[in-house]
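There are 4 protein chains.
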Amino acid sequence: MKMWDGRFTKASDKIMEAINNSLAVDKRLIEEDITGSIAWAGALLQCGVLTAAEHGAIVDGLKRILDEHFKGLLRFIDFDEDIHMAVERLLIEKIGDAGAKLHTGRSRNDQVVTDVRLYVKKICGHINQLILDFQRVLLNRAQTDITVILPGYTHLQQAQLVLLSHYWLSLLFALEREKQRFIHAAQAADMLPLGSGSLAGAGFLVDRGYLAKELGFALVSPNSIDAVASRDFIIETLSSCASISILLSRYAEDMIIWSSKEFSFIELDDAWSTGSSMMPQKKNPDSLELIRGKAGRCIGNLAGFAATLKGVGLVYYKDLQEDKEPLFDSLDQIELICTVFTQVVATLSVRAESMRRDLDPFMLATDVADYLVTKNMPFRQAHKVVGKIVGYCIEKSCSLQTMSLSQLKEFSELFDNDIAVVLQWDTAILHRDVEGGTGGSSVLHQIALAKTLLNQ
Amino acid sequence: MKMWDGRFTKASDKIMEAINNSLAVDKRLIEEDITGSIAWAGALLQCGVLTAAEHGAIVDGLKRILDEHFKGLLRFIDFDEDIHMAVERLLIEKIGDAGAKLHTGRSRNDQVVTDVRLYVKKICGHINQLILDFQRVLLNRAQTDITVILPGYTHLQQAQLVLLSHYWLSLLFALEREKQRFIHAAQAADMLPLGSGSLAGAGFLVDRGYLAKELGFALVSPNSIDAVASRDFIIETLSSCASISILLSRYAEDMIIWSSKEFSFIELDDAWSTGSSMMPQKKNPDSLELIRGKAGRCIGNLAGFAATLKGVGLVYYKDLQEDKEPLFDSLDQIELICTVFTQVVATLSVRAESMRRDLDPFMLATDVADYLVTKNMPFRQAHKVVGKIVGYCIEKSCSLQTMSLSQLKEFSELFDNDIAVVLQWDTAILHRDVEGGTGGSSVLHQIALAKTLLNQ
Amino acid sequence: MKMWDGRFTKASDKIMEAINNSLAVDKRLIEEDITGSIAWAGALLQCGVLTAAEHGAIVDGLKRILDEHFKGLLRFIDFDEDIHMAVERLLIEKIGDAGAKLHTGRSRNDQVVTDVRLYVKKICGHINQLILDFQRVLLNRAQTDITVILPGYTHLQQAQLVLLSHYWLSLLFALEREKQRFIHAAQAADMLPLGSGSLAGAGFLVDRGYLAKELGFALVSPNSIDAVASRDFIIETLSSCASISILLSRYAEDMIIWSSKEFSFIELDDAWSTGSSMMPQKKNPDSLELIRGKAGRCIGNLAGFAATLKGVGLVYYKDLQEDKEPLFDSLDQIELICTVFTQVVATLSVRAESMRRDLDPFMLATDVADYLVTKNMPFRQAHKVVGKIVGYCIEKSCSLQTMSLSQLKEFSELFDNDIAVVLQWDTAILHRDVEGGTGGSSVLHQIALAKTLLNQ
Amino acid sequence: MKMWDGRFTKASDKIMEAINNSLAVDKRLIEEDITGSIAWAGALLQCGVLTAAEHGAIVDGLKRILDEHFKGLLRFIDFDEDIHMAVERLLIEKIGDAGAKLHTGRSRNDQVVTDVRLYVKKICGHINQLILDFQRVLLNRAQTDITVILPGYTHLQQAQLVLLSHYWLSLLFALEREKQRFIHAAQAADMLPLGSGSLAGAGFLVDRGYLAKELGFALVSPNSIDAVASRDFIIETLSSCASISILLSRYAEDMIIWSSKEFSFIELDDAWSTGSSMMPQKKNPDSLELIRGKAGRCIGNLAGFAATLKGVGLVYYKDLQEDKEPLFDSLDQIELICTVFTQVVATLSVRAESMRRDLDPFMLATDVADYLVTKNMPFRQAHKVVGKIVGYCIEKSCSLQTMSLSQLKEFSELFDNDIAVVLQWDTAILHRDVEGGTGGSSVLHQIALAKTLLNQ
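Read top to bottom, the protein sequences are chains Y, F, L and S. Using this note's numbering, the first residue of the first sequence is number 83, and each one after it goes up by one. Using this note's numbering, the first residue of the second sequence is number 83, and each one after it goes up by one. Using this note's numbering, the first residue of the third sequence is number 83, and each one after it goes up by one. Using this note's numbering, the first residue of the fourth sequence is number 83, and each one after it goes up by one.
Pulled out of the complex, with its shape left as it was, chain Y reads as follows:
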């Protein structure tokens, strides 16, 4: 027996119930479901469907259910096909007929999407708090590691010197944009569907402005069909999750490489590493590898639900029930990897000497070209001249830094004594004080900007 089977002459098949039942997934919405029902009871009271006594009984009953939930006392039964029906059953068991009035004017169509919207708003807020924690760790590292020089890579070839702080700040600023995405996703979710009924609007003149206020929604959905059918806020949330997961996968990749013996730029804390069941010496950056790998999962959740939603007509089809598992999974993963990455960065050891050990003098090549430019050689020509010098150094196995002035002059008469300064490591950093560059004052400026962003 189901709550909706008045017209049916035959019970559902057991396997049908298995595929149809969503309780295992949607039970995590219980708080939102009960909050929504309390607000709904208030609206029914206002429009005369419930008496004050019935309303009181319903609100009390719902609060008791929530209380039992928090205490771990709640028991679901096979009969419960989803969290909505389970709560309604529990309520009727507790308070009788008044409970049977709660679903008046409401459909699971508007109810479930109300619950999910409340949930998305909550978790997006939580994630942004975690991102903020991460940014604070990055800011801290940027301040601590301000003297550490890192070879900056393009194509994993040493390209130009940067400050390690500059690297940490790059992630801090990138995360600021990811926060913005979760704010937008929460805004997209911030519209009340309740009162839309199954598709045409509730049959009672409930005050939806009141419902929105009670539940903390910024907007009342303007159209009941759209309210029940739309899942674009879920796509946007899944996309936000995918976006940050990809960002973190990229920094994880760098730091996995930095953890190799060959680079030895950083060492992860034991607490964030694991060993091997076979090889006793192994200390592996599994935490970073899992962060990298989880990005695929978030991409899959997005691509999968997008495919599910594609071509599903209006107003509601059961296909939409497939929205919750990818959504919950992606949100869970983001909470997990933000937390883990924050701790990994907070606890890792920087090997400044390793970073400095193997600096490739060729990283100064652009600076040498820029030097020639200041002597009025066109850049494209300067690039070629320095290319030739680089080729010469490779052939002769000599260092760009130890080329004599006379050697350099064979490539261009424009070289002069002042080239010596250009060929010092620190000059290359100082040279980059353009806004956003890796020069010391630029980095200090970035730190100040970051403090403002993080309200510190």
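Be aware that a few hints might be false.
[Unchecked claim] A short, non-exhaustive set of chain Y residues, derived as facing chain L with CB atoms under 8 Å:
hint	residue
1	T91
2	K92
3	S280
4	D352
5	G375
6	A377
7	I381
8	G382
9	F387
10	A389
11	K400
12	Q403
13	P408
14	T421
15	Q425
No lab work stands behind these hints, which were simulated from the structure alone. Beta carbons: idealized from backbone N, C-alpha and C, even for Gly.
Based on the hints, put chains F, L and S in the right spot on chain Y.
Using the frame of chain Y, we list chains F, L and S on its own:
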């Protein structure tokens, strides 16, 4: 010979050039590239790298190139690996040495992403104009079709009556959110990378605030590593494209079904239909099917570039070159399907009589249950009672609308003469004047709201 | 304390354990893990690492663990990071030191992928049995529904008549190809990795041919790096799952449309339908909608793990641990939807009269064109002539079937009395006895072919 | 005017033609289209639709069109919506009325999928030839590099020694499975749809066995609905492309890391590297990065077309037209990256001394544990003992290889003089002569096996 091969002793393989060459794809960025270069020349003038004469020659040369482009006179050569190198070559050919100074302090790393950001901003704006056009057509239809009653469906089963206007408005409001996404995507793109060099910042103190102002960017990127490495704005743009494509696929699905002989709710204009090479009678809603199918493509572009970007370390790897084809393709597709769908809706014929012909009286079942609720029967019980009545009607092949009062009373004593009004079609519509509902005054309210949104 | 932490000075963080722990997911591999360990113990006995007594104790201990598992008596503890470590712990608890010898020469790297390969082989076989059951139901329906005429659709426009049997058979034959894919996926999985150690091969000369034979693998992996690193068999399995899920989504789409009141071609059994929490009259084909929706999930699992695997270097990174959740989920979903769809088709009612009720005479248009071709009019011209006749019928609201000969002759002199036969419904079916066509004898031929395929 | 517009009263809109037109994409099928048409003409001759003269004219006309195509003389016009209509138009222009008879009994529905199946078979064969070329290069390298010792990595931590040959062979054997997938994809494509008409079968008794033989198809499609509707062979082909692209992305990742200064294990040939527009010293492994990045694209093509196909009902909708762009693009990319990777591997320089330079003595830890096992210590305990030794070495900054016997004995009394042999690099390799292991004789066995596979 390449512009960067000073250190190379051997030319690229022809196949290497084929896989590496991006000109066929990125040549559409020529306007942005030249605009960016003109601004860059201004910045180089300011910091003394260029003389006024050199600057003048460069600006003049770039404008001539653009002019030749508009006139279709531009010729690329095999040597050109991308639009940036092509423009630089053309410039040097035109103005000589001064042209060879343009690339001073700049890298293709910051240059290309500047171009792409400019392009994304432009096209997102264009798409939003197309969406606005579509919304205007929908508003027009909502006003025209205000008296047409449509069976509303859930699970493709007739569920409750709605006004056809209510349906059109549901898409109008949904599109408003999609516009918001393109605004967000354009904002995400609205940050100047130029001046970041290859990763560490330009080696000259260019005024990046000036560059941002010249190029219309709201922000200067705060960190050169992030500026060169980040492609999250592309993920966001691809996600916005996927989101609207999914939305349109869902309405296209409905309207394909509505175009069937069995539904006959609408008929597409000949101009937006096609025939069959074999079956002379066929008139097919291909336009809608293509719209539906294109959603898969937009999902694929998103999932594909997300996979490409996943795990790509900092600061720049050539993997990132794969960003442009999915980006351009998704933006192209959205422009196309917005335009087509607008015209399809604008020109289709509504078959109001077909919509009304086959209305299922059971669509009034919720209203009957609501009626019992007003007689103080708990909704859950009322739902069961009406379920029984429905079962009876099916068994006896009779219509819910023609049930006599005495027949109804066998199911509940609460039925009275006033049930007759409930069983009329129009009552069901009138009954839904809750905010966002399909009732006439609610729909008029929505139309007023829509006019405000669209500034009409 | 972990089994691998000899070199560690500090315990893992709790959150690290949470992200790293895979027991919740991989515990379903317990049978495969124990089977694999029993075979491994045999190999260690052969090469002298184990004594006969130790071997006996290990095999006995492992069997007792499996037995407890079947009896539901097994308890895992927080310390267990995965099923392999859990089984090893349980074994050591049961039999002491001999248990501590089991992992000799083996790594979790080769162990886990051995387990997963065994599992994939098993479930692919199971799925193919379910597909066979489905095909048998389809064959049965094809035989039962042999006289039912169905309008065949392209673009959801009535196109040409087909037999309903022909439709059922189309799915039967398509499923045959999906079975082939699971056979291929199982073959791809059918290679023994055990003995590859963590990457370089076991340090003991275990007889891998013996292991393969014991575990039922067709092949021994030829290279230990490849054995440990490769997950292409998982991509292939996920792709096979996605492929069949897409196929079923397409037939589900048709049958959802057929279940609408407007089509009324079929009615689902109550056992495979559900009702509405709000609308008492509703009977919804949720089973079909869920089948359709699950395809998105299978696509997501494929796209997601593909993205995870992309760019993960050799030989093993923890990213690979993300293989099991999508794999298990897709296999579970396919088992579920195959079972459900089989039952839906087996129990649905066909409404032959509805299919015949609304046949569009224009479906005979191609036959009329073919008629003109037999009178020696070129087809392209015949297509145009019949196009004109169709246009005329639409304009005059008359039926193609009731056009008089004289009316037809106004479009072409080639029409003669024998056109009357062409304009009868049954002729159109009879006309399609080409191999694979919908003509009666062709369909009987298909049924015979299907019986052979299904060994019936 | 279109070839199908007999019933239309109004021309298509220009934008409708733009979205509907597929010529730009499908014109690459011209050879297959003409081959198919020649076979079709033969079938029409056999069943009396064409006279011998008409048949001769058609075949001759088609051959002339193909000839003009090869000579680059073919001109398409706006009127041509796809390659099928274009060829028919050209034929009619060339030979008049007989050409207008060619489309008798055929639909573009069965025609296009015939063309695509022929194309897939051809290109899969071509790709497998390219894979074979790659395998030959790998075999060659395996033979050349037989003495080179490579640190083998898990988690990018040095794990155990392997022979570089062993690494090359791992890719060779993995590619063998990818070839198998293209064979399966070609088999899935190897079924003749022609003769299925638009969905119900051709209206003439064409001999489909003859058609299959002429066109080289192994099977005749058993059911016309399935023949026209099914695109599973495209999903399988796209999946095969994604699979190999992922494989290559993983080896590309390794080799990008190996190309870094810090590893310096290999150096790419200049012909397969590129430089920087800004930094004169740069030599970047762009070829490998593009190979890695292309995997995302292949994943996207698969996910995208899977989403397009999901939920598209039978028998044919225009959504299916979206199959060709992802298909062609993935096949093109695979041809390109196979070719490039083959050349990259063939021409790269191995830096054996760099590989050997930095070998981590801890890579012998498993061998030491195995040593203790041979002294009858249980492996799990041996693992712990060696873990302690490793911890000691780290703390004392000493090498495992230089630990004295007395030092070792402090960790276990089982150590004896014979441990010295274990601590030599070459022993570790020799130790792995298990089947599939990296031991020298195992690798020679693999080379012999590879020769057999490649018929060398």
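For each hint, the structure was consulted:
{"no.": "1", "hint": "T91", "in the structure": "6 Å, holds"}
{"no.": "2", "hint": "K92", "in the structure": "4 Å, holds"}
{"no.": "3", "hint": "S280", "in the structure": "5 Å, holds"}
{"no.": "4", "hint": "D352", "in the structure": "4 Å, holds"}
{"no.": "5", "hint": "G375", "in the structure": "3 Å, holds"}
{"no.": "6", "hint": "A377", "in the structure": "7 Å, holds"}
{"no.": "7", "hint": "I381", "in the structure": "4 Å, holds"}
{"no.": "8", "hint": "G382", "in the structure": "2 Å, holds"}
{"no.": "9", "hint": "F387", "in the structure": "6 Å, holds"}
{"no.": "10", "hint": "A389", "in the structure": "4 Å, holds"}
{"no.": "11", "hint": "K400", "in the structure": "4 Å, holds"}
{"no.": "12", "hint": "Q403", "in the structure": "7 Å, holds"}
{"no.": "13", "hint": "P408", "in the structure": "7 Å, holds"}
{"no.": "14", "hint": "T421", "in the structure": "6 Å, holds"}
{"no.": "15", "hint": "Q425", "in the structure": "6 Å, holds"}
When held up to the earlier numbered hints, the structure conflicts with none and fits them all.
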